[in-house]
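Asker: One line per chain: the protein sequences are A and B, in this order.
Those letters in the first sequence? Residues 0 to 428, per numbering that gives the first Met the number 0, in order.
Those letters in the second sequence? Residues 0 to 428, per numbering that gives the first Met the number 0, in order.
Footprint (simulated), chain B over chain A, 3 or more residues, beta carbon under 8 angstroms:
{"no.": "1", "segment": "181–195"}
{"no.": "2", "segment": "198–205"}
As a list, the in silico DSS-like pairs of lysine-lysine whose alpha-carbon atoms are at most 25 angstroms apart:
{"no.": "3", "chain 1": "A", "residue 1": "K1", "chain 2": "A", "residue 2": "K24"}
{"no.": "4", "chain 1": "A", "residue 1": "K336", "chain 2": "A", "residue 2": "K324"}
{"no.": "5", "chain 1": "A", "residue 1": "K1", "chain 2": "A", "residue 2": "K23"}
{"no.": "6", "chain 1": "B", "residue 1": "K24", "chain 2": "B", "residue 2": "K105"}
{"no.": "7", "chain 1": "B", "residue 1": "K105", "chain 2": "B", "residue 2": "K23"}
{"no.": "8", "chain 1": "B", "residue 1": "K387", "chain 2": "A", "residue 2": "K24"}
{"no.": "9", "chain 1": "B", "residue 1": "K24", "chain 2": "A", "residue 2": "K387"}
{"no.": "10", "chain 1": "B", "residue 1": "K1", "chain 2": "B", "residue 2": "K23"}
{"no.": "11", "chain 1": "A", "residue 1": "K23", "chain 2": "B", "residue 2": "K387"}
{"no.": "12", "chain 1": "B", "residue 1": "K23", "chain 2": "A", "residue 2": "K387"}
{"no.": "13", "chain 1": "A", "residue 1": "K210", "chain 2": "A", "residue 2": "K324"}
{"no.": "14", "chain 1": "B", "residue 1": "K425", "chain 2": "B", "residue 2": "K210"}
{"no.": "15", "chain 1": "A", "residue 1": "K105", "chain 2": "A", "residue 2": "K24"}
{"no.": "16", "chain 1": "B", "residue 1": "K1", "chain 2": "B", "residue 2": "K24"}
{"no.": "17", "chain 1": "B", "residue 1": "K208", "chain 2": "B", "residue 2": "K425"}
{"no.": "18", "chain 1": "A", "residue 1": "K105", "chain 2": "A", "residue 2": "K425"}
{"no.": "19", "chain 1": "B", "residue 1": "K387", "chain 2": "A", "residue 2": "K105"}
{"no.": "20", "chain 1": "B", "residue 1": "K324", "chain 2": "B", "residue 2": "K336"}
{"no.": "21", "chain 1": "A", "residue 1": "K425", "chain 2": "B", "residue 2": "K387"}
{"no.": "22", "chain 1": "A", "residue 1": "K387", "chain 2": "B", "residue 2": "K105"}
{"no.": "23", "chain 1": "A", "residue 1": "K387", "chain 2": "B", "residue 2": "K425"}
{"no.": "24", "chain 1": "B", "residue 1": "K105", "chain 2": "B", "residue 2": "K425"}
{"no.": "25", "chain 1": "A", "residue 1": "K208", "chain 2": "A", "residue 2": "K324"}
{"no.": "26", "chain 1": "A", "residue 1": "K208", "chain 2": "A", "residue 2": "K425"}
No lab work stands behind these hints, which were simulated from the structure alone.
Glycine included, C-beta positions come from ideal geometry on N, C-alpha and C.
Each chain, written out:
2 protein chains.
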Amino acid sequence: MKTTVAQLNQHIGETIELEGWLIKKRSSGKIAFLQVRDGSGEVQAVASRAELDDASWAAVESLTQESTLRLGGAVRADDRAPSGVEIHLATCELLDQSPEFPISPKEHGVSFLAENRHLWLRSRRQRAALRVRSEVCQAIRDFFYERDFVLIDSPILTPAACEGTSTLFETDYFGNPAYLSQSGQLYLEPAAAAFGKVYCFGPTFRAEKSKTRRHLMEFWMVEPEVAFLEFGGLCELAEEFVVSLIGRVLDRCGAELDVLERDRTVLEASVAPFPRLTYSQAIEQLQAAGVEIEWGADFGAEEETLLASQHGKPVLVTHFPAAIKAFYMEPDPDDPKQVLGVDVLAPEGYGEIIGGSQRIHDHDLLLRRIREHELPLEAFEWYLDIRKYGTFPHSGFGMGIERFVAWVTGLPHLRETIPYPRMLNKIYP
Amino acid sequence: MKTTVAQLNQHIGETIELEGWLIKKRSSGKIAFLQVRDGSGEVQAVASRAELDDASWAAVESLTQESTLRLGGAVRADDRAPSGVEIHLATCELLDQSPEFPISPKEHGVSFLAENRHLWLRSRRQRAALRVRSEVCQAIRDFFYERDFVLIDSPILTPAACEGTSTLFETDYFGNPAYLSQSGQLYLEPAAAAFGKVYCFGPTFRAEKSKTRRHLMEFWMVEPEVAFLEFGGLCELAEEFVVSLIGRVLDRCGAELDVLERDRTVLEASVAPFPRLTYSQAIEQLQAAGVEIEWGADFGAEEETLLASQHGKPVLVTHFPAAIKAFYMEPDPDDPKQVLGVDVLAPEGYGEIIGGSQRIHDHDLLLRRIREHELPLEAFEWYLDIRKYGTFPHSGFGMGIERFVAWVTGLPHLRETIPYPRMLNKIYP
Numbered sequence: 000m001k002t003t004v005a006q007l008n009q010h011i012g013e014t015i016e017l018e019g020w021l022i023k024k025r026s027s028g029k030i031a032f033l034q035v036r037d038g039s040g041e042v043q044a045v046a047s048r049a050e051l052d053d054a055s056w057a058a059v060e061s062l063t064q065e066s067t068l069r070l071g072g073a074v075r076a077d078d079r080a081p082s083g084v085e086i087h088l089a090t091c092e093l094l095d096q097s098p099e100f101p102i103s104p105k106e107h108g109v110s111f112l113a114e115n116r117h118l119w120l121r122s123r124r125q126r127a128a129l130r131v132r133s134e135v136c137q138a139i140r141d142f143f144y145e146r147d148f149v150l151i152d153s154p155i156l157t158p159a160a161c162e163g164t165s166t167l168f169e170t171d172y173f174g175n176p177a178y179l180s181q182s183g184q185l186y187l188e189p190a191a192a193a194f195g196k197v198y199c200f201g202p203t204f205r206a207e208k209s210k211t212r213r214h215l216m217e218f219w220m221v222e223p224e225v226a227f228l229e230f231g232g233l234c235e236l237a238e239e240f241v242v243s244l245i246g247r248v249l250d251r252c253g254a255e256l257d258v259l260e261r262d263r264t265v266l267e268a269s270v271a272p273f274p275r276l277t278y279s280q281a282i283e284q285l286q287a288a289g290v291e292i293e294w295g296a297d298f299g300a301e302e303e304t305l306l307a308s309q310h311g312k313p314v315l316v317t318h319f320p321a322a323i324k325a326f327y328m329e330p331d332p333d334d335p336k337q338v339l340g341v342d343v344l345a346p347e348g349y350g351e352i353i354g355g356s357q358r359i360h361d362h363d364l365l366l367r368r369i370r371e372h373e374l375p376l377e378a379f380e381w382y383l384d385i386r387k388y389g390t391f392p393h394s395g396f397g398m399g400i401e402r403f404v405a406w407v408t409g410l411p412h413l414r415e416t417i418p419y420p421r422m423l424n425k426i427y428p
Numbered sequence: 000m001k002t003t004v005a006q007l008n009q010h011i012g013e014t015i016e017l018e019g020w021l022i023k024k025r026s027s028g029k030i031a032f033l034q035v036r037d038g039s040g041e042v043q044a045v046a047s048r049a050e051l052d053d054a055s056w057a058a059v060e061s062l063t064q065e066s067t068l069r070l071g072g073a074v075r076a077d078d079r080a081p082s083g084v085e086i087h088l089a090t091c092e093l094l095d096q097s098p099e100f101p102i103s104p105k106e107h108g109v110s111f112l113a114e115n116r117h118l119w120l121r122s123r124r125q126r127a128a129l130r131v132r133s134e135v136c137q138a139i140r141d142f143f144y145e146r147d148f149v150l151i152d153s154p155i156l157t158p159a160a161c162e163g164t165s166t167l168f169e170t171d172y173f174g175n176p177a178y179l180s181q182s183g184q185l186y187l188e189p190a191a192a193a194f195g196k197v198y199c200f201g202p203t204f205r206a207e208k209s210k211t212r213r214h215l216m217e218f219w220m221v222e223p224e225v226a227f228l229e230f231g232g233l234c235e236l237a238e239e240f241v242v243s244l245i246g247r248v249l250d251r252c253g254a255e256l257d258v259l260e261r262d263r264t265v266l267e268a269s270v271a272p273f274p275r276l277t278y279s280q281a282i283e284q285l286q287a288a289g290v291e292i293e294w295g296a297d298f299g300a301e302e303e304t305l306l307a308s309q310h311g312k313p314v315l316v317t318h319f320p321a322a323i324k325a326f327y328m329e330p331d332p333d334d335p336k337q338v339l340g341v342d343v344l345a346p347e348g349y350g351e352i353i354g355g356s357q358r359i360h361d362h363d364l365l366l367r368r369i370r371e372h373e374l375p376l377e378a379f380e381w382y383l384d385i386r387k388y389g390t391f392p393h394s395g396f397g398m399g400i401e402r403f404v405a406w407v408t409g410l411p412h413l414r415e416t417i418p419y420p421r422m423l424n425k426i427y428p
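So here's chain A without its partners, still in its complex pose:
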């Protein structure tokens, strides 16, 4: 019967049929060991010249890296194999012989691999990283679905450059300029008034002329927004969210973390509660560690790394100076020069994975902030409406999932955490 590699351990002792690609082959002339993948997993098939008919042996001999094949044989348990099974080959059919595959087991330069992303996807590490991404995305959907959040897909095409056009991709929308969304938050807040708990999870865009391992021009962001949720509850939600996602990856992506040689220590230690420190405490810690930084300055990658690495698990930094945060953040009632914002910093140098806040829900205060920030008022009229007609305290956060996936997989660069990365001067294929 036809099956997949992932299902083989349910067919031990049986004769099965598989279709897939050759990863590599070792042959002594009388016995050949085929490493085969079919998308669901990898398995070794053992071919013995003496036991195969001529056509099957010829097929085995003609297999090159990435050739497609159909094989038949008996499934045997094999404790040494990562899959736990091995196939004793009975028949082999060459479906398509691949010419020399551009990506061989030898080392390749990053730009060569990037140009061949459509083929690089087949490599073991790339498959592992993107399987983790896929699992994380489903875990995110499940997290919010189970908590009765309503999915509100925010628009990509937006009419106004709310905070300046410098990092926006622009397009022509039937004669008017439109911009690719950098966040769904403004569109979620009205929906929170309709559904209470909402989230969006889609692509976002940032035309930033920066070329670092932490930036992509197109990335996916998940953003929950909750009516009547205040700052304390927001911090709990963010913590619960991160803990839940890490648990899911540890639970279901063990094989992928093995392929990526990910040390699980920090992931396993990342259980609740996460350490919390105010921005002011963070500044003191940094100063004590010898960093030259004054109250009021934003953290750079170095500061974030230092703050998070001290605890061996993610850290929540709260109560930032208003001046370095977005206009819509609710002031701290105890000290209005601070805002009720929270960043979650990942350890091991991965920096900010979540940024969130309670939002200003007082109409006049928000109006004042828009004016202070010299933002175009007409673009925010509908946003102000949410404070006009039955306003309500509310809070939300955003998480760029490539950063999160990079951290849990231990990958140094975001480009391997998304199927087709868009970077500065890099949009092919």
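With chain A held as given, fit chain B onto it using these hints.
Answerer: Quick look at chain B alone, frame taken from chain A:
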């Protein structure tokens, strides 16, 4: 204790606290009936002047449509209430008094509602439609997750105008033109070679100068792609998918379908197997019904409606003329002027909800098709690579979810099936 409307039936006989918005109020001067919503649902609270303190009664009196309130009271079972419960009010606090809400229970014109989409979202029918959308989206994710598909987010920013620029949104990508994606399919096929079964589900864009109830400029599309899946299996997958989604909506969105006054007859009848007819048979049926159409012509809305309405459930139309379908569709081995494409047509006038095909996997044939269609070869080189290095039969389809949601909810226009619709000359808010 603080709770939500959706949870009230677990607190019958208890005293609870709720925060939400006033939908409307009826008052006799001594007794007031408040209809309250909190995002999770709607409930009636009964306020008696004699039992409330002055502050609470004053709050009740000051409540206007969409004012926010905090109420406390006892939960009582009430069989007449849609929620099954009613609240006997003990305390009421006005959180924010709303000025006259622009969208009152009276009728409003469509363009007024569209301009106020951020407020219109709060209306009962809009909430019902978007809750169905949210459920459908999760059902789609679950369908593929449970079947071991890997989510492959295809890029939005793409470097080449593969099939002409006329319906593409263009942007400047650091000095080069880039285009917003109309489909993830080309990016999924390489991933199918890595993961076997993949899908993408994200926003897609079509700058089409058409203003019909069936078109949006920005819409969400789900596209599975499966390695070693041939045409018969594709038709089964599409059928299983639609049946599964309808079942989920019937199972979990009963209240929403009630609000939308959706006749469930056709949905309940939409179980497997769906009728299948070839394009040629469809042409004969249309001609027999008096439609003037010749073999070779594409179906319009009228033809789709007629074909699907005869069966009272979705219909699969297969084996289209090659000339009216995309260049990458596999020819029918029995008749090469036809292709192995399938459209799923929804009944009740909703037309095509799914379009799919087996893809050409022969390198030279695909190359010939690209040339015949006068497509820019250099834009397809990486796509051809998938046929060069271990090619494999594969198939996939795409479903625009707004069309599907419009059908299951019985909504006449796509604009109510997406939170913030983008239509011709309509991109606000």
